[in-house]
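Participant: Single-letter residue listing:
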Amino acid sequence: MKHLIAPAVLATGLATAFAAPALAQDNSVALQLQWVTQAQFAGYYVALDKGFYEEENLDVTILPGGPDIAPPQVLAGGGADAMLNWMPSALAAREKGLPVVNIAQPFKSSGLMLTCWKDTGITGPQDFKGKTIGVWFFGNEYPFLSWMSQEGISTEGGEDGVTVLKQGFNVDPLLQRQADCISTMTYNEYGQVLDAGVTEDELVTFKYEDEGVATLEDGIWVLEENLEDPAFVDKMTRFVRASMKGWKYAEENPEEAAGIVLDNDETGAQTEEAQVRMMGEVAKLTAGSNGALDEADYQRTVDTLLAGGSDPVISQAPEGAWTHVISDGALN
Amino acid sequence: MRVRLRSAATSAVLFGGLLVVLGLLAGAAPRIPALAALALLLVWALAWQANRAFSLTDARIARVACPVLFGLTLLLLWQMAVRLFDVPSVILPAPTEITVAIAANLPTLWADFVQTILKGALGGWLIGCTAGVGTALLVARSGFLRRGLLPVGNFVAALPIIGTAPILVMWFGFGWESKAAVVVVMVFFPVLVNTVAGLSDSEAMQRDLMRTYGATPGQTLRYLALPSALPFLFNGLKIATTLALIGAIVAEFFGSPTLGMGFRISTEVGRLNLPMVWATIVVAALTGSLSYGLVARLERRLTFWHPSQQARG
Amino acid sequence: MTDAPLSAPGAGIGRSGRVAHLSRHARATVGPVLLVVAALVALWYLACIPMNAQNAVLLAEREDIAVTPATAAERRDMGGLALTFANPAVATARAFAQERPRLPAPHQVLTELWNTTVGVAPTSKRSLLHHARITLVPTLIGFALGSLAGIALAIGIVHSRVMDLSVMPWAIASQTIPILAIAPMIIVVMNSIGVQGVLPKATISAYLSFFPVTVGMVKGLRAPAPSDLDLMRTWNAGPARTLLSLRLPASIPYLFASLKIAVAAALVGAIVGELPTGAVAGLGARLLAGSYYGQTVQIWSALFAAAVVAAALVAAIAALERLTLRRMGLAR
Chain Z
1 MKHLIAPAVL ATGLATAFAA PALAQDNSVA LQLQWVTQAQ FAGYYVALDK
51 GFYEEENLDV TILPGGPDIA PPQVLAGGGA DAMLNWMPSA LAAREKGLPV
101 VNIAQPFKSS GLMLTCWKDT GITGPQDFKG KTIGVWFFGN EYPFLSWMSQ
151 EGISTEGGED GVTVLKQGFN VDPLLQRQAD CISTMTYNEY GQVLDAGVTE
201 DELVTFKYED EGVATLEDGI WVLEENLEDP AFVDKMTRFV RASMKGWKYA
251 EENPEEAAGI VLDNDETGAQ TEEAQVRMMG EVAKLTAGSN GALDEADYQR
301 TVDTLLAGGS DPVISQAPEG AWTHVISDGA LN
Chain D
1 MRVRLRSAAT SAVLFGGLLV VLGLLAGAAP RIPALAALAL LLVWALAWQA
51 NRAFSLTDAR IARVACPVLF GLTLLLLWQM AVRLFDVPSV ILPAPTEITV
101 AIAANLPTLW ADFVQTILKG ALGGWLIGCT AGVGTALLVA RSGFLRRGLL
151 PVGNFVAALP IIGTAPILVM WFGFGWESKA AVVVVMVFFP VLVNTVAGLS
201 DSEAMQRDLM RTYGATPGQT LRYLALPSAL PFLFNGLKIA TTLALIGAIV
251 AEFFGSPTLG MGFRISTEVG RLNLPMVWAT IVVAALTGSL SYGLVARLER
301 RLTFWHPSQQ ARG
Chain S
1 MTDAPLSAPG AGIGRSGRVA HLSRHARATV GPVLLVVAAL VALWYLACIP
51 MNAQNAVLLA EREDIAVTPA TAAERRDMGG LALTFANPAV ATARAFAQER
101 PRLPAPHQVL TELWNTTVGV APTSKRSLLH HARITLVPTL IGFALGSLAG
151 IALAIGIVHS RVMDLSVMPW AIASQTIPIL AIAPMIIVVM NSIGVQGVLP
201 KATISAYLSF FPVTVGMVKG LRAPAPSDLD LMRTWNAGPA RTLLSLRLPA
251 SIPYLFASLK IAVAAALVGA IVGELPTGAV AGLGARLLAG SYYGQTVQIW
301 SALFAAAVVA AALVAAIAAL ERLTLRRMGL AR
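Chains as they are written, first to last, in my numbering: chain Z, 1 to 332; chain D, 1 to 313; chain S, 1 to 332.
Since the hints were derived computationally from the structure, they do not count as laboratory data. Quantities reported herein were computed from a predicted structural model and do not represent experimental measurements. Please note: incorrect hints may appear among the correct ones.
Claimed, not checked - Ranges between beta-carbon positions, derived for each pair:
#1 D:ASP86 to S:GLY119: 52 to 60 Å
#2 Z:GLY157 to D:GLY134: 49 to 57 Å
#3 S:ALA316 to D:ALA131: 26 to 34 Å
#4 S:GLY119 to D:PRO151: 52 to 60 Å
#5 Z:ALA196 to D:GLU203: 22 to 30 Å
Ideal Cβ positions, reconstructed from N, Cα and C, are used throughout, including at glycine.
Make the full structure from the sequences, and use the hints.
Facilitator: Structure representation (C-alpha cells):
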C-alpha cells in the first residue's frame with residue numbers, strides 16, 4: 001500500500017492538470033509574437049498603450065517571442081489565443097496536423113532580402129552557385145528553399161549548388177566573411193549591416209518581392225476549433241479592429257510608435273534610432289493593407305510554396321487556411 | 001533464489017495480463033481524465049511490484065532487469081498519458097511515433113551523429129582532456145602555480161555556455177571546429193582540477209617511501225603520482241564526457257552548417273516535427289549513457305584497487 | 001580564540017592567532033592569483049591585435065590609409081596574424097577601441113561592466129544588477145527544489161534496492177539529454193497547465209541541479225564505516241534512526257561539495273530557461289540581446305556578470321560549509 005501513495009499523488013496531479021480548462025473565456029487575449037519586442041510589432045504595442053484595446057473592452061497580453069519559441073507550439077499548448085506567423089510556417093504547421101487559420105494580414109509586402117558582398121561577383125540568382133549563403137531556420141527558411149528550387153539550384157553545397165549555413169540572428173556571418181550572403185530583413189538586419197560601417201555600394205541586395213518569390217509575413221493566426229465559438233469570434237473581431245487602428249496610427253506617427261516600443265522593451269537593449277528606422281521600414285510593408293487578407297496575395301504565396309520542386313514546403317494546396325469572417329466584422 | 005524467480009515471473013505475467021485488460025478498457029472507455037489517471041496509477045503500481053520481485057533475484061539478472069523494466073514502465077506510462085489525455089503531437093509525441101521517426105530517418109541521424117559526436121564532441125574531448133592532463137602535470141609541480149591557477153580556472157569554468165558558444169562560433173567559423181572549441185573550453189577545467197587534486201593525493205608515507213628508494217621526480221610521477229591520480233582523473237573524464245556531448249549540441253544552436261544534432265533539434269522544432277526532435281534526443285541520450293558506461297568500465301579495470309570500486313553500500 | 005596556536009605569527013605582539021592565520025592564508029593565495037590574472041590580462045591584450053586585425057585594416061582602408069593588400073576581397077583569406085605582420089602600425093593602433101571587436105579589450109569590458117552596474121540605477125532595465133536579480137530568483141528556487149529532490153532521491157536509493165537498481169542508471173541518462181532541447185517543451189507544457197512565471201524556469205534549474213546532489217548524497221549516505229553501522233544495529237536503531245544520527249551527519253561534507261556544483265548548474269539552468277520564455281529579462285536575455293545586435297562588448301560584460309554571480313553563489317555555499325563543518329567538528 002505504501003508503494004501506491006507516491007504514484008497516486010502523481011497521477012492525481014496529472015489528472016487535475018490536464019483536465020483544467022486551457023483558455024479563459026472572458027475578454028482577455030494573449031498574443032504570441034514571433035520575435036522579441038521591436039518595432040516590427042509596433043501596431044500591437046501602440047494599440048495597447050494608446051488604449052485602443054481598452055476601448056474595445058479587451059484585456060490584451062503581448063507575449064514576446066524569441067529564438068527558442070515556436071508560436072504554433074505555444075498556440076497548440078493553449079498558451080496564447082492568437083499568434084503572429086509567416087504564412088509558409090503556418091501552412092506547414094497546418095499540414096503537420098495543427099489546424100491554424102489566418103484571420104488578418106496587416107503586412108501587405110515582404111521585407112525579406114538577401115544581402116551579399118559585391119566583391120563576391122554575385123549579380124544575379126544564378127551566381128549563387130558555389131557560394132555560401134546564410135539562412136535563418138525556425139520557419140524562415142521556406143521562402144529561400146522555394147526560391148532555390150525554382151531556380152534549379154541545389155542546396156547541398158558543392159560547385160553547382162549553394163552551401164547553406166544556419167545563421168544566428170545577427171549579421172556577423174557577413175561581416176566576418178563566413179558567408180558570402182546572409183538573410184536580412186529590410187527593417188532590421190540590413191540596417192545593422194550599414195551601422196557596422198559597410199557602405200551601400202559595397203553590397204548587392206536581392207529583395208524577395210522583386211524576385212517574385214515573396215511570401216506573406218506576420219499574419220494573425222488562431223486555432224480552427226476556437227473559431228466555432230461565437231464569443232471567441234467576437235473577441236477576435238474586436239482585437240483585429242483595435243490592432244489595425246494601432247497599425248495605422250503607428251504608420252502615421254513612427255517616432256511616437258518607436259518610443260512606445262522602447263518603453264515596452266524589457267531587455268533594455270534596444271536603441272531609439274534603430275527602432276525609429278525599423279518603424280519607418282515596417283510602415284512601408286504595412287501600407288496598403290487594411291487587415292483583410294488579399295486572396296490574390298494568398299494564392300501567390302501558396303503557388304511559390306508548391307513550386308518547391310523536390311522538397312516542397314507544402315505538398316498540396318491548403319483548404320480553409322484563412323477566413324474573412326473576422327476581418328469583415330472588424331472593418332465595418 | 002528459484003522461488004524468488006518464480007514470484008518475479010508470476011508478477012510479470014499478472015502485470016502483462018492486466019495490461020491487456022487495461023488496454024481494452026482504455027480503448028473502450030471515454031476519455032475521462034480521472035479514469036485515465038487511475039489507469040496510469042495501476043500500471044505504475046503493478047510495474048513497481050514486478051520490479052521489486054526482480055530486485056530480489058540474482059544480482060546479475062537484477063542489475064540488467066530492473067533498469068530495463070523501469071525504463072519500459074516509463075515509456076508505457078508516457079504512451080498511455082499521451083493517448084488518454086489527447087496530448088497534441090506538436091507538444092509531446094508518443095513513443096510509437098518517435099520509434100517510427102527513428103526507423104525512417106537512420107541515414108540523417110547517422111550523418112548528424114558523425115558531424116556532432118565524432119567530429120565536434122570527440123575531437124574537443126580529446127584535445128581538452130590532453131590539454132587538461134598536460135597542464136595538470138606542469139602545475140602540480142609548483143604549489144605557487146596551483147594556488148594561482150585554480151581560482152582563475154574555476155571562474156572561467158563558471159562562464160555559461162550560452163555566452164561562450166556565440167563568441168567561439170564567431171571566432172572559429174560555422175564548421176565542427178567551433179563546436180570542438182566549445183567542448184575544449186567546457187572540458188579543460190574539470191579535468192585540470194581533478195587531475196591536480198589526484199596528483200597531490202599521495203600520502204606522506206608513500207612519498208617518503210619513494211624517497212628512500214632514491215626515485216627521481218620522473219619515477220615518482222610514474223610509479224606514485226600517476227596511479228594515485230587515476231581515480232580522480234576518471235572522475236574528471238566522466239564529467240568531461242557528459243559536458244562534451246552537451247557542449248557540442250548546444251554550440252550548434254548558435255550557427256552550423258545544415259548538419260548536426262543541434263541543428264536538427266532546433267530546425268525540426270521550428271518545423272513542428274517533434275518526433276524527429278525526440279529521435280535526435282534519444283540518439284544523444286544513448287550516446288551519452290554508452291560513453292559514460294565505457295569510461296566507467298575502463299575505470300573499473302584500471303583502478304580496481306580503489307575502495308570506491310570495492311565497497312558495496 | 002582558544003583554537004589558535006600560541007606560536008602563531010604575531011601572537012607575541014597581540015595580533016590574534018586567527019587574524020595571523022587568515023593573513024598568512026591570504027598572502028599565500030592572493031599573490032599567485034594576482035600574478036596569474038596579470039599574466040592572462042597581458043596575453044589578452046596581445047591577442048586583441050591579431051583578432052581585431054581584419055576589422056582594423058578595413059577601418060583604415062575606409063579612412064583612405066594605404067594598407068597591404070589593398071582590397072577586402074584579397075584580404076578575405078588572410079589570417080589575423082598575417083594581416084598584423086603586413087600592417088603592424090595600423091593593426092595595433094586600432095585594435096583596442098573598436099565598436100564591434102572580435103575580441104574586446106579588457107578595459108572595454110570593464111568599462112561596460114562599470115557603466116551597466118554602477119553607472120545606471122539598479123532598477124533600470126539597462127542595469128546588469130536588475131537582470132542579475134531576475135535570473136537569481138529562479139536559480140535559488142530551482143536550486144532549493146533540486147537539492148531537496150536530490151536528497152530525497154538519494155535517501156530512497158540508499159534504502160531501497162529497487163530504486164538503487166532502477167533509478168540510478170536513468171538519473172545518469174537524464175543528464176545526457178541536452179537541456180536546451182527540452183527547455184522549450186517543458187515551458188510549453190507547463191504553460192498549457194497554467195503554470196507560468198518563475199516556476200517553469202525554476203523547474204529547468206532543478207532538473208540540472210538535482211543530479212550532482214543525488215550522486216554526492218548517495219556517496220555520502222554510504223560513507224559511514226561498516227563498524228559504525230553495526231554499532232547502530234547493536235543499539236537497536238532502525239533505518240530511520242540510523243539515517244538521522246549516522247548517515248546524514250556523515251554525508252554533510254559530500255553534500256556541500258555537490259551543492260557547490262549544483263548551484264552553478266542551477267544558474268546555467270535559469271539562464272537556459274530564459275531563452276524559451278522570450279528572452280525578455282535576465283542575464284540570459286542580455287547575452288542573447290548582445291548577440292542579436294552584434295554588440296560583442298555587451299555579450300562579454302553579461303558573460304562576466306554571470307560568472308561573477310556563479311562565483312558569488314559558490315563562495316556563499318563554501319562559507320556556509322566552513323561554518324557548518326567547524327561546528328560539527330569535521331573541519332579540515
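Participant: Sort out which numbered hints this structure fails and list those numbers smallest first.
Facilitator: Those not satisfied are hints 2, 4 and 5.
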